Each structure stands twice: as C-alpha cells, then as structure tokens.
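Model the placement of chain D on the given structure of chain X, informed by the hints.
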Amino acid sequence: QVRVQESGPGLVRPSGTLSLTCTVSGDSISNDIWWTWVRQPPGKGLEWIGEIHHRKGTFYTPTLRSRVTLTVDKYTNQFSLNLNSVTAADTAVYYCVKGGDWRFGPWGQGTLVTVSS
Amino acid sequence: QTVVTQEPSLTVSPGGTVTLTCASSIGPVTSAYYTNWLQQKPGQAPRPLIYSTNDKYSWTPARFSGSLLGVRAALTLSGVQPEDEAEYFCMLYYSGAQPHWVFGGGTKLTVL
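Protein sequence lines correspond, in order, to chains X and D.
Using the numbering used here, read the first sequence as starting at 1 and increasing by one per residue.
Using the numbering used here, read the second sequence as starting at 118 and increasing by one per residue.
I should point out that these hints are in silico values taken from the structure, not numbers from a laboratory.
Hints may be right or wrong, so weigh each one.
[Unchecked claim] No farther apart than 27 Å at their CA atoms in a straight line, the calculated lysine-lysine pairs in the DSS-like style are these:
1) D:K173 / D:K225
2) D:K225 / X:K44
3) X:K56 / X:K44
4) D:K158 / X:K44
5) D:K225 / D:K158
6) D:K158 / D:K173
7) D:K173 / X:K44
[Unchecked claim] Cβ-to-Cβ under 8 Å is the rule here; a few derived chain D residues that face chain X:
8) P125
9) A149
10) Y151
11) F206
12) H217
13) V219
14) F220
As the structure is a prediction and not an experimental result, all values here were calculated from the model.
Beta carbons are placed, not taken as given, at the ideal position from N, Cα and C, and that holds for glycine.
Chain X on its own, in the form it takes in the complex (with noise of 0.2 Å):
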C-alpha cells in the first residue's frame, strides 16, 4: 500500500523559505510517477503547485514558477518543496500526492504552514 506524509516546519518567517519534503512508502520515488504538491489555503479551494518526475523534469503552475522548486532524493524515497520569498498568502495545508496515469491519489494528510512574523 502507498504511502505518502508530509513534514516540515509549521511557521515561516515572511520573506523567507518554506520547505517541506514528503516521504513515499510503498512505492519507489524513481518509478514512473509524478510526484506532486497541492495546497489549501484555510477555508479555500485547493491549488496545483506543481509535479515532479525523476527523469522526465518538472513543471509548476505559472503563478508560483518564479519562487517554487520542487526535488527529488533517490535515496531516502523523498520528495520536497521549496517555496521562497513567501507572504501571508502562502499560508496553507500543503498536501503531497502520488500523481501519474492521469490519477490523483493517495494524498497525504496534509500539513499547515503558517507564515507569520
């Protein structure tokens, strides 16, 4: 059964980066699968960040393309998001999903990010 859980940080400072990394299980971050981030600002619909395949590269929504780096490790099966220059607007529940095939699933619970001074 796959698995994959958000962790990082809880607060940001604003101006500066957020990072969170998802951990797979159950699969293999090198098969062919896009790994994915989606986000929920509180009380909001939900936002597509961006994919990531091992080998076939990246792509991100064009309104976060300027500050979102999205990376692979092999080999601790992870996968990660950075997101810079963030502002109170970047306050979400960030998800991690296995992506591929056209499919959506499983998602991870999730994870709150508050940016906040």
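Relative to chain X, chain D alone:
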C-alpha cells in the same frame, strides 16, 4: 490566467440526483483535459473519485459518474446519500509548453 468554474453550492434531497459541472475559461472541456473529481469533507484530505473524465477508482461508489456535458465536464450523483454532503473539486489538465493542472473553485453540496 486560466480559470476553472464550478457551481459554488448545490442542494439535493436524499435519494435524488444532482449534476455538478466544471467549465474552462478558455473553451469547451474535452477528454483531453483528463478531468479529475475529488471529494473533500471538513478536516480531511481530498479523496479522489473520478479520473480521465469518467474512470472510477476501486473505492468510488457506483452512484458517482463522470461525463462531458456540452462544453463542460460533469459529475453526477444518482441516489444521493447523506454522507455525500461534502465539497467537490474538479481538476483540469492544460497541455502545452508548460503543462499544468488547475482546480475549480469547488462546489459545496448540501444533502437536505
């Protein structure tokens, strides 16, 4: 910037049928958008229901079905159950030089 539009809210009676739709600001939604539908209940992570317009996951109840309806994608619930009360999000794939996915704003479905 591409906008994906859903009905903000809908109400349905138990046992009834309801259709949620998903529209793209740049034109008709076709099978090339690989529409996904997800259900989210308060305090929970989204749960995928439909992918590639009308394909179901092993856990998707038979009463949920996806389709294309005119220029939109649609999610139809037939024989609605009280536990179907939730928010539903569609997700469309935009191909091109910088492919990306876009979520709709969500539809809050009330079973009353």
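For this session: Tell me, in ascending order, the numbers of any earlier hints that this structure violates.
Result: Hints 3, 8, 9 are the ones this structure does not satisfy, whereas the remaining hints hold.
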